[in-house]
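Spelled out from the first residue to the last, the chains are:
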Amino acid sequence: DAGVTQSPTHLIKTRGQQVTLRCSPKSGHDTVSWYQQALGQGPQFIFQYYEEEERQRGNFPDRFSGHQFPNYSSELNVNALLLGDSALYLCASSLVGGLNEQFFGPGTRLTVL
Amino acid sequence: DQQVKQNSPSLSVQEGRISILNCDYTNSMFDYFLWYKKYPAEGPTFLISISSIKDKNEDGRFTVFLNKSAKHLSLHIVPSQPGDSAVYFCAASTYSGGGADGLTFGKGTHLIIQP
Numbered sequence: 342d343a344g345v346t347q348s349p350t351h352l353i354k355t356r357g358q359q360v361t362l363r364c365s366p367k368s369g370h371d372t373v374s375w376y377q378q379a380l381g382q383g384p385q386f387i388f389q390y391y392e393e394e395e396r397q398r399g400n401f402p403d404r405f406s407g408h409q410f411p412n413y414s415s416e417l418n419v420n421a422l423l424l425g426d427s428a429l430y431l432c433a434s435s436l437v438g439g440l441n442e443q444f445f446g447p448g449t450r451l452t453v454l
Numbered sequence: 005d006q007q008v009k010q011n012s013p014s015l016s017v018q019e020g021r022i023s024i025l026n027c028d029y030t031n032s033m034f035d036y037f038l039w040y041k042k043y044p045a046e047g048p049t050f051l052i053s054i055s056s057i058k059d060k061n062e063d064g065r066f067t068v069f070l071n072k073s074a075k076h077l078s079l080h081i082v083p084s085q086p087g088d089s090a091v092y093f094c095a096a097s098t099y100s101g102g103g104a105d106g107l108t109f110g111k112g113t114h115l116i117i118q119p
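Chain order of the listed sequences is A and B. Quick note: the first sequence, position 8, residue 349 per the working numbering, numbers continuous. Quick note: the second sequence, position 42, residue 46 per the working numbering, numbers continuous.
I should point out that these hints are in silico values taken from the structure, not numbers from a laboratory. Cβ atoms here follow ideal geometry from the backbone N, Cα and C, with glycine treated the same way. Treat the hints with care, since some could be wrong.
Derived SDA-like pairs: lysine to any residue, alpha-carbon spacing no greater than 20 Å straight-line [stated by the list, open to error]:
{"#": "1", "chain 1": "B", "residue 1": "9", "chain 2": "A", "residue 2": "399"}
{"#": "2", "chain 1": "A", "residue 1": "367", "chain 2": "B", "residue 2": "46"}
{"#": "3", "chain 1": "A", "residue 1": "367", "chain 2": "B", "residue 2": "114"}
{"#": "4", "chain 1": "B", "residue 1": "111", "chain 2": "A", "residue 2": "450"}
{"#": "5", "chain 1": "B", "residue 1": "111", "chain 2": "A", "residue 2": "381"}
{"#": "6", "chain 1": "B", "residue 1": "111", "chain 2": "A", "residue 2": "380"}
{"#": "7", "chain 1": "B", "residue 1": "9", "chain 2": "A", "residue 2": "400"}
{"#": "8", "chain 1": "B", "residue 1": "111", "chain 2": "A", "residue 2": "426"}
{"#": "9", "chain 1": "B", "residue 1": "9", "chain 2": "B", "residue 2": "118"}
{"#": "10", "chain 1": "B", "residue 1": "111", "chain 2": "A", "residue 2": "385"}
{"#": "11", "chain 1": "B", "residue 1": "111", "chain 2": "A", "residue 2": "367"}
If you want the ones that stay clear, here's a sample from chain B, every Cβ over 12 Å from chain A, calculated [stated by the list, open to error]:
{"#": "12", "residue": "30"}
{"#": "13", "residue": "62"}
{"#": "14", "residue": "67"}
{"#": "15", "residue": "70"}
{"#": "16", "residue": "78"}
{"#": "17", "residue": "88"}
Take these sequences, add in the hints, and give me the full structure.
Put into structure tokens, the structure is as follows:
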């Protein structure tokens with residue numbers, strides 16, 4: 342049973358560029374959440390997708406956007422990259438209506454130069 | 005304003021002894037609490053959770069205690085093993101619209117098990 346997968350593993354971009362990160366949820370899960378983890382901090386909630394719509398959003402600017410596809414996989418897009426966007430981006434999947442045990446992928450390490 | 009706080013950045017415990025990791029929260033709307041373990045270069049791994057209607061939940065060597073009046077929870081690991089060395093995150097969530105919301109995490113506690 343495949344767990345949560347993310348691609349790419351690492352990414353280097355320059356300020357002002359745009360980036361797309363991808364996530365495939367654990368088999369049987371229908372909800373995908375994205376988190377940003379800066380160095381030395383806990384993960385911070387960006388947004389959550391269910392039924393191809395953004396269900397909830399954390400305190401992140403509109404430069405952060407996402408999408409969920411019919412097969413439940415998801416993308417995170419970040420526009421106009423800033424140096425402060427350098428972080429580990431984590432994707433987590435869960436079942437809506439179930440207990441909130443979210444299962445995390447290994448993350449994508451984004452470096453903005 | 006941090007709604008979930010882990011005030012000990014690190015904790016060192018001897019192998020075989022009990023490890024106790026603490027977490028405090030400020031948002032009284034939180035009704036579900038989770039502990040995650042994280043190794044370097046990996047995503048967080050779910051360990052154990054507790055609903056706000058309970059005060060204790062056990063799973064093998066791991067027990068989570070919840071004190072709602074104090075807005076405090078703790079994770080006990082007995083006995084501690086070398087493989088338990090990792091960063092432990094406390095997380096909390098609410099429910100809205102029929103589903104669980106995004107998790108709010110603490111900053112983590114680095115647990116080091118000494119041989």
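Hint check:
no. : hint            : verdict
1   : 9(B) - 399(A)   : holds (18 Å)
2   : 367(A) - 46(B)  : holds (16 Å)
3   : 367(A) - 114(B) : violated (27 Å)
4   : 111(B) - 450(A) : holds (18 Å)
5   : 111(B) - 381(A) : holds (7 Å)
6   : 111(B) - 380(A) : holds (10 Å)
7   : 9(B) - 400(A)   : holds (18 Å)
8   : 111(B) - 426(A) : holds (18 Å)
9   : 9(B) - 118(B)   : violated (25 Å)
10  : 111(B) - 385(A) : holds (10 Å)
11  : 111(B) - 367(A) : violated (26 Å)
12  : 30              : holds (15 Å)
13  : 62              : holds (16 Å)
14  : 67              : holds (17 Å)
15  : 70              : holds (15 Å)
16  : 78              : holds (17 Å)
17  : 88              : holds (19 Å)
Of the numbered hints stated above, those contradicted by the structure are hints 3, 9, 11, listed in ascending order.
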